[in-house]
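2 protein chains.
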Amino acid sequence: MPRSREFDEGALLEDAMETFWRQGFDRTSVENLVERTGVHRASLYSIYPDKRALFVAGIKRYLDVVVGDNLRRLNEYDSPGEAVRRFFLGLADAPIERLRRGCLLTNTATEIGLEDPEVAALIRSAFARMERALSERLAEARDLGQLAAGVQPRVLARLLMTVLQGIRVMSRVGVERKLLREAVNGALSAIRPAASARRTAAGRRRAKHLA
Amino acid sequence: MPRSREFDEGALLEDAMETFWRQGFDRTSVENLVERTGVHRASLYSIYPDKRALFVAGIKRYLDVVVGDNLRRLNEYDSPGEAVRRFFLGLADAPIERLRRGCLLTNTATEIGLEDPEVAALIRSAFARMERALSERLAEARDLGQLAAGVQPRVLARLLMTVLQGIRVMSRVGVERKLLREAVNGALSAIRPAASARRTAAGRRRAKHLA
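Chains E and F, in that order, give the protein sequences.
Sequence positions in the first sequence follow my numbering and run 70 to 280.
Sequence positions in the second sequence follow my numbering and run 70 to 280.
Just so you know, the hints here were simulated from the structure itself, not pulled from any lab data.
Any given hint could be a false lead.
Stated by the list, open to error - Derived lysine to any residue pairs resembling SDA-like cross-links, with alpha carbons at most 25 Å apart:
#	chain 1	residue 1	chain 2	residue 2
1	E	Lys120	F	Ala197
2	F	Lys247	E	Glu200
3	E	Lys120	F	Gln92
4	F	Lys120	E	Gln92
5	E	Lys247	F	Leu257
6	F	Lys247	E	Val224
7	E	Lys247	F	Ala202
8	E	Lys247	F	Val224
9	E	Lys247	F	Lys247
As the structure is a computational prediction, the values presented were derived from the model and not from experiment.
This is chain E alone, in the form it adopts within the complex:
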């Protein structure tokens, strides 16, 4: 028999995700979650037995929403090299509030590490998923002659994933945008800048299909 629920579980997860993202796991109390979500403690506990269970659900929400959006953006441009370039340059050009908040996965990786193996596995698999998507676009880029000679798409994808994490760390402590941009440009130097890049109809369709 389905439980009756007087609140929107999607909105609850969104709020929980936001709260953990801003404050981290330890700094977030069940009280904070009750306040932020507007859902009574008893109702929260009726679905999530403890704070950790809601945290895991919040991480999964983040994977859908934020990682999903990243994957979509990687496919927004027909030119694979340009899609990868713009994605990474966009990291350094994000609104300041977004930069300061960092990434829930990065923050959780360093906060909790392997102390919670289930959470660590979720994070590793998100990293692996992003890396695969990057690697696929970089393989397309190589086939189109957009990569410097000898550059292996898989290795460059791995480097870029590492850079992504590093940017998330540095932006948390207010390292200047200009420096973040230079680091990204260093990593992108193996990708030749396209003469022209447009969001083509095919690119938009592809992005939509993946969203």
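Chain E is already provided as a structure; the job is to place chain F on it using the hints.
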């Protein structure tokens, strides 16, 4: 008049640094610190008014010990390209316990961010110091023809600092060594492998001088 102290302040700081490094700021209680350092609460408070003050002192200790050691290692080889290569390959080959613990600066950057501007500034300046040291060695490498054409030492140093942070994040959640090594190799591809590299007497002297 100097306060009388019945304990070794260096050992206290070492223990405090280790505790914060393993557990983070939030997860470390004053009780934990009393237990770990063996110094009475009253004596701790006689020098450090609160947990944060001891944390800041622990971070400064880390800068001396760990960042100092990094700077020394960057100067251990006469060949600048080889010194940089070995330093970064060494990150991925560190003992597993060290990999899992990550870096106190990285962990603190994501845990606290700009909420504590003094701590954030300490972290930024440590990053800048490491980056300058890298940049200097990479400029030497360029002058010796050890860098690929067109590579700017400053930009490569910035990329490598970002990679360093990224490695620290990924190793916290148990990303395999092999993958860390590939990411590092991707970043090092602009440095030509030396035909031979030795810890020369001059290199050892330089490293000692900086230690």
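Consistency of the hints with the structure:
Between E:Lys120 and F:Ala197, the direct Cα distance comes to roughly 38 Å. Violation of the 25 Å bound is thereby established for this hinted pair. Using a Cα cut-off of 25 Å, the hinted pair F:Lys247 and E:Glu200 holds, with the two alpha carbons roughly 15 Å apart. Distance check on the hinted pair: E:Lys120 and F:Gln92 sit about 19 Å apart at the alpha-carbon level, within 25 Å; holds. A C-alpha spacing of about 19 Å is found between F:Lys120 and E:Gln92, which places the hinted pair at or below 25 Å, so the restraint holds.
At most 25 Å may separate the alpha-carbon atoms for a hinted pair to count; E:Lys247 and F:Leu257 meet this at roughly 22 Å. Distance restraint check for F:Lys247 and E:Val224: the Cα-Cα separation of roughly 11 Å lies within the 25 Å cut-off, and the hinted pair is therefore satisfied. For the proposed pair E:Lys247 and F:Ala202, the alpha carbon gap of about 19 Å is at most 25 Å, so the pair holds. For the hint pairing E:Lys247 with F:Val224, the CA-to-CA distance comes to about 11 Å; that is within 25 Å, so the pair holds.
Distance hint between E:Lys247 and F:Lys247 is unfulfilled; the C-alpha atoms sit about 31 Å from each other, more than 25 Å.
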